[in-house]
Amino acid sequence: MAERRRIMVKVNGVQYEREVEPRRLLVDFLRDDLELIGTHVGCEHGICGSCTVLFNGRAARSCLMFAVQANGAEVMTVEGLAEDGKLHPIQEAFREHHGLQCGFCTSGMLMASYEFLQDNPDPTEEEVRRSISGVLCRCTGYKQVIDSVMAAAAEMKGR
Amino acid sequence: MKPNAFEYFAPSTVKEAVGLLEKYEDEAKILAGGQSLVPIMNFRLGRPEVLLDINGIKDLDYIKEEGEALFIGALTRERDLELSPLVKEKCPILAEAVSFIGHVPIRNRGTIGGSLVHADPSSELPTVICCLNGEMKVVGPSGERALAPEEFFLTYLTTSLEPSEILVEVRILTLPKNTAWSFVELTRRSGDFAIVGVATLLFMEDDGVCREARIALGGVAPTPIRAEEAEELLSGQVITEELIKKAGAEAAEATETEPDYHASAEYRKDMARVFVQRGLHEALSRFKGGK
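Read top to bottom, the protein sequences are chains A and B. Using the working numbering, you'd call the opening residue of the first sequence number 1 and step up by one each time. Using the working numbering, you'd call the opening residue of the second sequence number 1 and step up by one each time.
Everything hinted at is true.
Restraint-style ranges between C-beta atoms, simulated for each label pair:
#1 A:GLU127 to B:LYS64: 24 to 34 Å
#2 A:ASN71 to B:ARG44: 16 to 26 Å
#3 B:LEU173 to A:ALA73: 33 to 43 Å
Worth flagging that the hints you see were computed from the coordinates, not collected in a lab. The beta carbon of each residue, even a glycine, is placed where N, CA and C say it ideally should be.
In isolation and in its complexed conformation, chain A is listed as follows (with noise of 0.2 Å):
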């Protein structure tokens, strides 16, 4: 077995010092390691975007990156959008425009979201429609999630 190796990561906030296996996957780090299962697995080969999460403020993958490459990183994974056990306004219009069903790729629409919204405040429903396009969703057939996102940007603007 290749040899452990010892990263500090900051995940949410929080700073984190564990061994890993050069092998563990991110996303395994976080669920796993660190407990924080919001985000999920689901193809393993980037296809699905389920696993998104932000590294250094950039949406990434988190299936198609190891865990040492955090080193020294900052990663935010759905976990860090609630604030003081309050909902992120993307989370509150998700809830209430109906932007999930089974919610197993909801973390990764949500973070997808999250970073769009960040660079394009005002988006038009075309480009909403293109910025969740890498995340797969089977069963809302995605109506309620560009309902949602664009009810998002509308209310982070309003604030």
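Starting from the structure of chain A, add chain B where the hints point.
Using the frame of chain A, we list chain B on its own:
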């Protein structure tokens, strides 16, 4: 599934990386953006014993202009190429082509060097770099060399890099103002690999004559290819509807399509014809619109 166990190194210089490549040769794979390599490892289609993570070689991440050329470090993220004002101004076809790659989270990680070295003939960067006549700068134990696309891409997923060599930079010429360009592709869904991808550059004269045409196709042969007969047909001409039709037919003849899950060989070939025509139309209409 999960990847096999491997030795992990994170070199901080190109020299260090080349030293490790020399030591481990075929046993080692370079990890750049990981957007192709890690899926391959997750499914154990590839089981490298040694992984060289080059993400710490920060001086391979740059886009700069010198003279008539753009120099792009191999570790430059696709998303940075897409959003770079310099690329948009000096080589807009590159930014456009990159915007077709996967989705934002993929482009946030994926690198220009990684995509070129992976050499998937249906991916966008090999096709557009082939059209731009990009030059790949490669460093190995005995020094560096520069490779043209036709020297660099050998066949499916195979380049002429030696096991101990690493791609460090891509050089492309900046496009003159009078360039009509387009990048078009056929996919089943947004973000998929191209069934056919076409990059078109038309260097125009003030009198409306196309001095030189360059058309590159992806997804229709073991490497990206140039549609040379179609290019010759268009070069030195005022491009008419009839010439566009002929160019599409000529380009389709240059393909070596094979059937796969997404498309039969015949369909792919016919779509090469259609998308070369569409690419020419789009390049010319954008050019006229921009004047």
